[in-house]
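Visitor: Next come the chains, spelled out residue by residue.
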Amino acid sequence: MPKTARRAAVIGGNRIPFARANGAYAQASNRDMLIATLDGLVARFGLAGLRIGEVAGGAVLKHSRDRDLTRESVLGSRLSPTTPAYDVQQACGTGLETAILVANKIALGQIESGIAAGVDTASDAPVAVNDDFRRVLMQLNRARSLGDRLRAVAGIRPGQIVPEIPQNAEPRTGLSMGEHMALTALQWKISREAQDELAVASHHNLAAAYDRGFFDDLVTPYLGLTRDANLRPDSSVEKLAKLKPVFGKGIGDGTGATMTAGNSTPLTDGASAVLLGSDGWAAEHKLPVLAHVVDAETAAVDFVHGSDTHGPDGLLTAPVFAVPRLLERNGLTLQDLDYYEIHEAFASTVLATLAAWEDPAFAKERLGLDAPLGPIDRSKLNVNGSSLATGHPFAATGGRIVASLAKQLHEKGPGSRGLISICAAEGQGVVAILEGA
Amino acid sequence: MRLGTLYAKAALTSVGPRAHTLPDTQLHRSATVDRAHLAGYARVCGFTVGDTLPATYPHLLAFPLQVELMAGRSFPLPLPGLVHVANRITVHRPIDASEPLDVGVRAERFVPHPKGAQVDLVGDISAGGERVWDGRSTYLARGATAPADPTIPTAPASRPFPVRESADSRARVDGSATATWRVDAGTGRRYAGVSGDVNPIHLHPLTAKAFGFPRAIAHGMWTAAHALAALEGRLPDALTYEVEFGRPLLLPSIVELRTHAVDDGWDLDVTSRGKAHLAGTIRRSVG
Numbered sequence: 004m005p006k007t008a009r010r011a012a013v014i015g016g017n018r019i020p021f022a023r024a025n026g027a028y029a030q031a032s033n034r035d036m037l038i039a040t041l042d043g044l045v046a047r048f049g050l051a052g053l054r055i056g057e058v059a060g061g062a063v064l065k066h067s068r069d070r071d072l073t074r075e076s077v078l079g080s081r082l083s084p085t086t087p088a089y090d091v092q093q094a095c096g097t098g099l100e101t102a103i104l105v106a107n108k109i110a111l112g113q114i115e116s117g118i119a120a121g122v123d124t125a126s127d128a129p130v131a132v133n134d135d136f137r138r139v140l141m142q143l144n145r146a147r148s149l150g151d152r153l154r155a156v157a158g159i160r161p162g163q164i165v166p167e168i169p170q171n172a173e174p175r176t177g178l179s180m181g182e183h184m185a186l187t188a189l190q191w192k193i194s195r196e197a198q199d200e201l202a203v204a205s206h207h208n209l210a211a212a213y214d215r216g217f218f219d220d221l222v223t224p225y226l227g228l229t230r231d232a233n234l235r236p237d238s239s240v241e242k243l244a245k246l247k248p249v250f251g252k253g254i255g256d257g258t259g260a261t262m263t264a265g266n267s268t269p270l271t272d273g274a275s276a277v278l279l280g281s282d283g284w285a286a287e288h289k290l291p292v293l294a295h296v297v298d299a300e301t302a303a304v305d306f307v308h309g310s311d312t313h314g315p316d317g318l319l320t321a322p323v324f325a326v327p328r329l330l331e332r333n334g335l336t337l338q339d340l341d342y343y344e345i346h347e348a349f350a351s352t353v354l355a356t357l358a359a360w361e362d363p364a365f366a367k368e369r370l371g372l373d374a375p376l377g378p379i380d381r382s383k384l385n386v387n388g389s390s391l392a393t394g395h396p397f398a399a400t401g402g403r404i405v406a407s408l409a410k411q412l413h414e415k416g417p418g419s420r421g422l423i424s425i426c427a428a429e430g431q432g433v434v435a436i437l438e439g440a
Numbered sequence: 138m139r140l141g142t143l144y145a146k147a148a149l150t151s152v153g154p155r156a157h158t159l160p161d162t163q164l165h166r167s168a169t170v171d172r173a174h175l176a177g178y179a180r181v182c183g184f185t186v187g188d189t190l191p192a193t194y195p196h197l198l199a200f201p202l203q204v205e206l207m208a209g210r211s212f213p214l215p216l217p218g219l220v221h222v223a224n225r226i227t228v229h230r231p232i233d234a235s236e237p238l239d240v241g242v243r244a245e246r247f248v249p250h251p252k253g254a255q256v257d258l259v260g261d262i263s264a265g266g267e268r269v270w271d272g273r274s275t276y277l278a279r280g281a282t283a284p285a286d287p288t289i290p291t292a293p294a295s296r297p298f299p300v301r302e303s304a305d306s307r308a309r310v311d312g313s314a315t316a317t318w319r320v321d322a323g324t325g326r327r328y329a330g331v332s333g334d335v336n337p338i339h340l341h342p343l344t345a346k347a348f349g350f351p352r353a354i355a356h357g358m359w360t361a362a363h364a365l366a367a368l369e370g371r372l373p374d375a376l377t378y379e380v381e382f383g384r385p386l387l388l389p390s391i392v393e394l395r396t397h398a399v400d401d402g403w404d405l406d407v408t409s410r411g412k413a414h415l416a417g418t419i420r421r422s423v424g
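Residue numbers (the working numbering), protein chains in the order written: chain P, 4 to 440; chain F, 138 to 424.
Some hints here could point you the wrong way.
As the list claims (entries may be wrong) - Simulated DEER-style distance windows between Cβ atoms:
id, chain 1, residue 1, chain 2, residue 2, range
1, F, Thr315, P, Ile164, 37 to 45 angstroms
2, P, Glu287, F, Ala314, 52 to 60 angstroms
3, P, Gly158, F, Lys412, 41 to 49 angstroms
4, P, Ser67, F, Pro160, 35 to 43 angstroms
To be verified - Examples of chain P residues toward chain F, derived with CB under 7 angstroms:
id, residue
5, Arg23
6, Gly26
7, Gln30
8, Ile38
Since the hints were derived computationally from the structure, they do not count as laboratory data. Even for Gly, the Cβ is constructed at its ideal location relative to N, Cα and C.
With the sequences and hints as input, model every part of the structure.
Guide: Rendered as C-alpha cells:
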C-alpha cells in the first residue's frame with residue numbers, strides 16, 4: 004500500500020443525449036447505450052485498444068440476462084478486452100458511487116485509470132414472469148417424478164400470465180418516489196411556485212449551456228438525438244402553472260398537491276461515462292485534468308419507521324445528512340463552495356434540502372450542529388441545468404453531473420470547489436466535493 | 138414492388154423462355170435508413186444498436202434491387218433455386234444511419250461453373266456523391282448454362298476471391314472455437330422479417346423440404362452478419378469482408394464460430410462437425 008493517498012483526476016466525460024422513455028431510444032438496450040457511450044469516450048480521449056484500470060458501471064432497471072452488464076459492454080466497445088469491469092447498483096446514487104469507487108482505487112494507487120459509468124432505460128425495462136408462476140416453474144424444475152410434475156403444473160392459474168413490471172415504488176412502504184417526496188415537500192412547506200421557478204431555471208440553464216457549446220465535448224449524438232429530448236428552452240412559470248398536480252393530492256388537505264409533471268423528472272433513457280486517472284497517467288497520455296475528487300460521503304435515513312424522538316425521515320433526504328458530515332471532515336462551510344449540483348429528482352427535493360440546511364431547529368435536533376449550514380447563493384446552483392431539464396436515466400445521472408461540474412470548475416479555475424448531492428431510493432444519498440484543476 | 142410480390146413474379150416466370158445473356162440494366166434507388174428497421178436488424182444479427190451501419194446492413198438496401206433485376210424473364214437465370222455461394226463487401230468509411238444514400242445494382246460475370254452457371258449481382262452505395270460501400274453477391278444456378286466469355290476465365294478461377302480450401306470440405310481457421318452458437322428454428326423467419334428475403338427454404342421445414350432441404354436453412358447473410366457482430370469493437374473503420382458459403386446451416390443447429398486475428402484483420406469460419414457453413418476474411422481496406 005502507498006504511504007499517502009493522492010487525489011484522483013477527472014479527465015473528462017461523455018454521455019449520449021438523454022431521451023424521454025419510449026422516444027428516440029425505445030429500441031436500444033442498456034448494453035447498446037452503454038457501448039455507444041463508452042465508444043464515444045474512447046473516441047474523445049483516444050482510448051481505443053487501451054487497457055483501462057477498471058470500468059465501474061451499473062443500471063437500476065436491469066434484465067436478469069444483463070448480469071455483468073458493464074463487462075459485457077466493455078467487450079463490445081473499442082476498449083481493450085483486457086479491461087476489467089464490475090456492476091454497481093445503488094438506485095439513483097449508482098453513477099456517483101461508481102465515480103467514488105474508481106477515484107478511491109486511483110487515490111490508493113491500485114489503478115492508474117478508470118471509467119465510471121451508468122445507464123438506464125425505462126423503455127426496454129425488464130418484465131419478469133409473474134412471481135406465482137415463477138414459483139410453479141421452479142417447483143416443476145425440482146420435480147423428480149411424473150406425479151410431482153403434474154402437481155406442479157396443476158398450480159398454474161390464468162392470472163399468473165400477467166407479467167411483473169418494475170414499479171417506481173418503495174418495497175417497504177408501497178409509496179412511489181413522488182408520493183414520498185410530496186410528504187417531504189409538505190413538511191418543509193415547499194410552494195408550487197418555488198418548484199415551478201426551479202424547473203424553469205433548469206430548462207433555461209441547460210438551453211443556455213447547449214447554446215454556448217458547453218456540451219460540445221461532453222455529449223455525443225446517438226440515434227439521431229443531438230440534445231436532451233426533455234429540454235424545453237421556452238419553458239416558463241406561466242406554462243408550468245397550467246399543469247395539474249400528479250403527486251401529493253391526498254395529503255395536507257389538498258395543500259400537498261404541488262408536484263406536477265413539469266417540476267418532476269420524467270422516465271428517461273440514457274447513459275454516461277466519466278474518465279478518471281492519476282495526474283501522472285493523464286500527463287503520460289497527454290490528457291487534460293479538469294478537476295480532482297476531494298472527498299465523498301454516503302448517508303442513509305430511516306424513511307420507514309422513524310425513532311422515539313422523531314418520525315420517519317423523507318425518502319430523498321439522506322443528502323441533507325451526508326453533506327454536513329462531508330463539509331466538517333474537510334473543514335469547509337457550505338458557503339465555501341463555488342458551485343452546487345443538487346440532483347433534481349423533483350424540484351421539491353432540491354428546495355427541501357436547502358430548507359433543511361437553513362433551519363436552526365433541524366440543525367440542532369437532527370444534524371447535531373450549533374448553527375444551520377445556512378443559505379446558498381442560488382446563482383451557483385445547477386448552473387448548466389439539471390435533471391428536470393435533461394431528464395433522469397437513474398444510474399446515468401451521476402456521471403452526467405461529475406463530468407459537467409468538473410468542466411465548469413476547470414473553467415472557473417484551479418482551487419474552485421463544487422458540491423454534488425444526489426438523493427436515491429431506499430433512503431440513501433451520495434455526495435462528493437470536486438476541486439477545479 | 139414488395140419483395141414478396143417480386144418472389145411471386147419470379148416463381149411465375151421461372152419456367153418458359155428466358156434471355157440468354159445478362160441484361161445491361163442498372164437499377165438505382167435512393168434510400169434512407171429507417172432506425173427502427175436498423176435496430177431490428179441489429180437485434181436479429183447480434184449487433185449493438187447504434188448510429189454506424191454494420192458493414193452487412195447496406196446489403197439489405199441493395200437486395201430489393203437485386204431481386205427486381207433477377208425476377209423477370211430478361212434475366213438469364215430463374216430466381217427460385219439460385220444459391221448464394223459467396224459475398225464480398227467493402228466499407229470505404231463508416232456510414233451514419235442519418236446519411237441519405239444512393240444505391241445502384243447491376244449484374245456482372247455471367248459465367249459457366251462446373252455445376253452450372255454463376256452470376257454476380259454488384260451493388261454500390263454512395264453518400265453525397267462519395268462511394269461508401271460496395272457489395273458483390275455471387276449466385277449459382279445448378280444445371281444452368283452460361284455463354285463462355287473468352288475475356289472472363291471460367292469459374293471457379295473467376296470467383297471474386299481466391300479460395301484457400303474448399304469451403305464445404307475443410308474449415309479455414311485453425312484452433313478451437315471462439316463461440317458456440319445455438320441457432321434456433323426461428324432464425325430464418327426472423328431474418329426474413331428484417332431482410333425481406335422470404336425465400337421459402339429459410340422459413341419452415343415443410344417449405345424447405347419442397348426445395349430438397351431436410352429442414353429450413355439459415356440465410357447465408359445472417360450467418361455472415363452474426364459472425365461480424367462477434368467482432369464488434371475489434372474491427373477497422375474501413376474494411377473488406379469476404380465470405381464463401383459452404384454447407385447449408387440447417388435449423389435448428391449448434392455451430393461453432395472460430396476467429397483468428399491476422400496482421401490487418403481476421404480470418405473466421407462457422408462450422409459444425411468440421412464442415413464449414415461459412416469461411417471468410419475481414420481485411421482493413423484503404424478506404
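Visitor: Evaluate each hint against the coordinates.
Guide: Each hint tested on the structure:
Range check, Thr315 of chain F to Ile164 of chain P: Cβ separation about 39 angstroms, and the 37 to 45 angstroms hint holds. With their beta carbons about 38 angstroms apart, Glu287 of chain P and Ala314 of chain F fall outside the hinted range of 52 to 60 angstroms. Judged by the Cβ atoms, the range 41 to 49 angstroms given for Gly158 of chain P and Lys412 of chain F holds: they are separated by roughly 46 angstroms. Evaluation of the 35 to 43 angstroms hint for Ser67 of chain P and Pro160 of chain F yields a failure: the beta carbon distance comes to about 54 angstroms.
For Arg23 of chain P, the interface hint is violated, the least distance from its beta-carbon to any beta-carbon of chain F being 16 angstroms, above 7 angstroms. With 7 angstroms as the threshold, the beta carbon of Gly26 of chain P stays out of range of chain F, its nearest partner Cβ sitting at about 12 angstroms, so the hint is violated. Here the hint on Gln30 of chain P is kept, as its CB sits about 3 angstroms from the closest CB of chain F, short of 7 angstroms. Proximity of Ile38 of chain P to chain F holds as hinted, the smallest CB-CB distance being about 5 angstroms (cut-off 7 angstroms).
Of the numbered hints stated above, those contradicted by the structure are hints 2, 4, 5 and 6, listed in ascending order.
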